[in-house]
Amino acid sequence: MASHGIKDQVAIIGMGCTQFREHWDKGADDLLIDSATAAFDSAGVAKDDVDAFWLGTASSGMSGLTLSQPLKLEGKPVTRVENFCATGSEALRQASYAVASGAYDMAMAIGVEKIKDSGYQGLNAAPAPHDGTKRNLTAAAMYSLVLPAYAARYGVDEDELRMVVAKIAEKNHRNGALNPLAQFRREMPAEKICEMASVAGRLSVFDCSGVADGSAAAIVVRAEDTHKYCDDPLYIKALSFVSGTGGGLIDPDYDYTTFPECEMAGADAYRQAGIEDPRSALAMAEVHDCFTPTEMVLMEDLGFCERGTAWKEVLAGTFERTGDMPINTDGGLKAFGHPVGASGLRMHYECWLQLRNKAGEDRQIDLSTRNLGLVHNLGGYPGEMVSFVSILGPELG
Amino acid sequence: MRGIISFGGYVPYRRLDRSAIAAVMGKGGGRGTRSVASYDEDTTTMGVEAARLALRPVDAEPRALWFATADPAYLEKTNATAIHAALRLDTSVGALDFGGAVRSGIGALRTALDAKGPTLVVTADIRGGLPTGADEAAGGDGAAAFLIGTEDDGPVVAELLGSASATEEFVDRWRQPGSPSTGQWEERFGETRYGPLAAQAWKEALGAAGMGASDVDVAVVTGSHGRAVKRVAGQLGVARVADDLSAAVGNTGTAHPGLVLANELEQAEPGQIIGVVMLADGVEVLILRTTDALAEFTPGLPVADQIADGAEVNYATFLQWREMIQVQPPNRPEPTRPSSSAAARAQDWKYGFVGSRGTESGTLHLPPARVSIRAEDELDAMDPAPMADVGATVVTFTIDRLVYSVSPPVVFAVVDFDGGGRLPVELTDVDPDAVRIGQRVEMTFRRLYEAEGIYNYFWKARPARSGQ
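As given, the protein sequences belong to chains A and B, one line each in that order. First residue of the first sequence: 1284, per my numbering; consecutive thereafter. First residue of the second sequence: 81, per my numbering; consecutive thereafter.
Everything labelled a hint here was simulated from the structure, so no lab data went into it. Built from N, CA and C at the ideal position, the CB exists for glycine as well. Hints are not guaranteed to be accurate.
Unchecked claim - Partial list, computed: chain B residues near chain A (C-beta under 10 angstroms): (1) Pro-410; (2) Pro-447; (3) Val-475; (4) Gly-500.
To be verified - Far from chain A by the CB rule (all over 12 angstroms, computed), these chain B residues: (5) Thr-158; (6) Gly-287; (7) Ala-319; (8) Ser-326; (9) Pro-413; (10) Ala-423; (11) Val-505.
Input sequences plus hints: build the corresponding full structure.
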């Protein structure tokens, strides 16, 4: 019994990503066609070359037909996957395993979400029939519980901590401003965010991810086949996933300053990739900044810094694009936008660009000493969540 | 001798200052306050609260549950069954609604005093009328519950000495189903009817009890005709007329004779004679005598304490809660109706607030689980864990201004129960600014929302009321 991983067995040979924004003029069909086409072009393959597809969408369609109909895929298997906000990453995980198993030579993972047709603000999912006893609370409110808990546990002034997480939003907006695919291209000073009205706990609208439509796709093959398609693939070093017990909600020992599911997924990924010290091994990380306190806590859960120190590292600029540990260089969920089913693949898309030195002069991170990247993608709430972590790199070994 | 074994009055937390009505509308209102059921309360949930208070002091288990209100949450469907479920009564205990009329509350009580077996009578009402009207200001919301039985069922704290009824058909107050206000005929007409009917029933009840009016220590006089109630009270010839709670609570209609009686019993000495007179489409009279057992009786939470522990609701919010004005809801989807079959499977959790506890670990699971979060518990090795009456403490909290609510914002807290166990739960009867880490809370049965005509009942937490 073990999580062995598939280190260096599978590689990404092409990716595509649409702009994330309010696509009033495009439906899920159009977005899927756009990202799939970009991925086919990126890999230099045609749709018929792909043997199997994994489609991630939280609520923009049911079944594989959501993809096979608009793309007119003939005689191909399409699996629709859903795993909350980690849906896109889950599609990549399944596609990668299918290729590694030898069942298929080439697979596509594609994610999409058409959020803005609901007519409501924010993310809204239709619940399954229920007994009426489920919590009535937004995700923003659940994550807002992190701030007072963290402040109490580590003796940080609550006003100062509020500014710390606003700095995270400021950084991600600064990164998004440079990114032509990002939803928000405007910088946003932390002081301004702190002055905004609270919507949940002390969080303002600008502490929440951008609500956008979008799609992203990746094509994977076995590592030994990459030479047929490109000379700069991105190898998958680790894929891990933890679906929680929900115990945090009812366990009096849980204190809302950590997400154990993320810590476990990270540890498993590091084992698979053979990484002992993530801070010194990783050149970058794309993490699930659904709300600003989430990114802060993840810095500790993923081992980028010691417990109780993430807030200081934020203030020290460690996680800036030019800092020691660049986080969410593409703008993150905050500024790039969060079309649920597409976000995990969007995170991989940023690694695809950055780790292959293709992000462009104004955005490219320094790869001179480290060249591994990490993607962290979660779904759910503090106390009950799913968490995905992958590690990627441009070289074998 | 059959009588009252236990009782409990319930006064909701919110108060409307009657002067707030004229301040907004230019007329109406008056002096003092009236009690106001919160947006998440209805007669069923208030009935549950009163019934919990009535059952708390005693071991006795009712064999029947009768619920009376003039403002039923449902027609067609029995409302008493939700109360039955919240109290976790045995399936063999019958649950009936005495529906529709204000008189049904005292009627259920009197019938129970004539019936067999321990019977829980629950009365509740939400009273109001159109803005600036007399009923809006004079009405009150509340509930009262009585466990009726004999010494075989438990110590009787007040025994029935005699009772009487006088009935006549005349249209004085009326309301059609769904109407927001009650009609009233010219007051002087009703007065001419109630006077003689009250005199007749009072005389007959005293005769049955074998005593005269001067033997009665206190009379509880309530009814749906204010002038007649005052006049009758003055003509009974008793030593004292009970405080009718109009200054702080208002007239709680169907529940009112019970609520005022509960308040009197909480202050009474053993051996006192209490007359109860209710004027509604006739007159009902009960003559009770408190027993020595009353001295040993500790109320679940005295009515007077609940009256003292209220907080203001402003008039605009009151009107919104009463659906007299509509406000813009958040632009979020409305909640969906609960599944009847899912709710039925989860009945003990949803209505009774019963979790489960691992037999080895002792870890509390809310909702109940078959598989424990602790490895030492075997599959299905769980004991039921009734948590409705267990106190808890706020560990942390947040205010959600985004989520859909009839009355935003939602105040939400993570609470740890005494003796172990945790739940993230919505708070109610609380002002967002007043929530504190370390605050003591208790569970309360509420209507979370309505969807497609189905009411979704479940539990929230509220700041522990005084006396707890």
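Results for each hint:
no., hint, result
1, Pro-410, "8 angstroms, holds"
2, Pro-447, "6 angstroms, holds"
3, Val-475, "8 angstroms, holds"
4, Gly-500, "7 angstroms, holds"
5, Thr-158, "19 angstroms, holds"
6, Gly-287, "52 angstroms, holds"
7, Ala-319, "51 angstroms, holds"
8, Ser-326, "37 angstroms, holds"
9, Pro-413, "5 angstroms, violated"
10, Ala-423, "5 angstroms, violated"
11, Val-505, "8 angstroms, violated"
When the structure is compared with the earlier hints, violations turn up for hints 9, 10 and 11 and for no others.
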